[in-house]
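Sequence positions in the sequence shown follow my numbering and run 929 to 1122.
In short, the hints are calculated from the structure, not lab data. It is possible that part of the hints are untrue.
To be verified - Computed Cβ-Cβ distance ranges for the label pairs, DEER-style:
#1 K977 to M1038: 36 to 46 Å
#2 A947 to Q994: 49 to 59 Å
#3 Y982 to M1061: 52 to 62 Å
#4 G1077 to K1037: 28 to 38 Å
#5 V943 to E997: 48 to 58 Å
#6 T1017 to E1114: 54 to 64 Å
#7 L945 to D1028: 54 to 64 Å
#8 K1070 to G1107: 13 to 23 Å
#9 M1061 to A976: 42 to 52 Å
#10 G1077 to N988: 36 to 46 Å
#11 T1014 to G1077: 22 to 32 Å
#12 P1058 to Q994: 39 to 49 Å
#13 G1107 to P1058: 22 to 32 Å
#14 A946 to G1029: 56 to 66 Å
Ideal Cβ placement from N, Cα and C applies to all residues, glycine included.
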Amino acid sequence: MPMFKKSMLVLLAVVALAAGGAFYAGIHGQEEAVTLDAGAAPVQEAQAKEIVVYVAGAVNRPGVVQLAEGARAKDAVDACGGFLPTADTNGVNLAQKLKDGMQVTVPEKMTAAAQGVTGGAQAGATKPLPEGMVNINTADEKELDKLPGIGPAMAKRIVEYRTENGAFQSPEEIKRVKGIGDAKYEKMKDKIAL
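Whenever a hint applies, use it, and build me the whole structure from the sequences.
Right under this line is the structure:
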């Protein structure tokens, strides 16, 4: 019987130790959780992500601006003091969602003389694009599809690229569109303009 009593005492001691350890861990674990929650919440809410965008063209103060993530092109224009009176406000998609590192270019309006609307006179008017030429900054998918080597899918990619990145600054920039390399560009370079 003495062996049975020793076993019972050892078992009782182990159970008591386990219960005490669990109780101790429960009390101290709870305190740490309360401390972490109280200190961490305000820090996370205070940090907002920002993007940096370059705004060029017909705005009051062109340059680099910092905006909140999710900002639109209109926010970038507003951060630069708004449009100049000569700005072509239809030449930029103000609803376009911006990404870090993007450029927003606001074009200038064409004057009446440049458009050839001077009371019927054509003096000083810029020449319209020759037959078969396509303006890659204003053409829709249907017009782009007429270019050599460009099908409906590629035309759609060109429009998407232009929407996401703004107007092309040079004809060669079209090579940045996925699927347009040097060979495809060579086929179309004499048919495209800005």
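Find the hints from earlier in the document that the structure breaks and name them by number, from lowest to highest.
Hint check: 3, 6, 11 fail, others pass.
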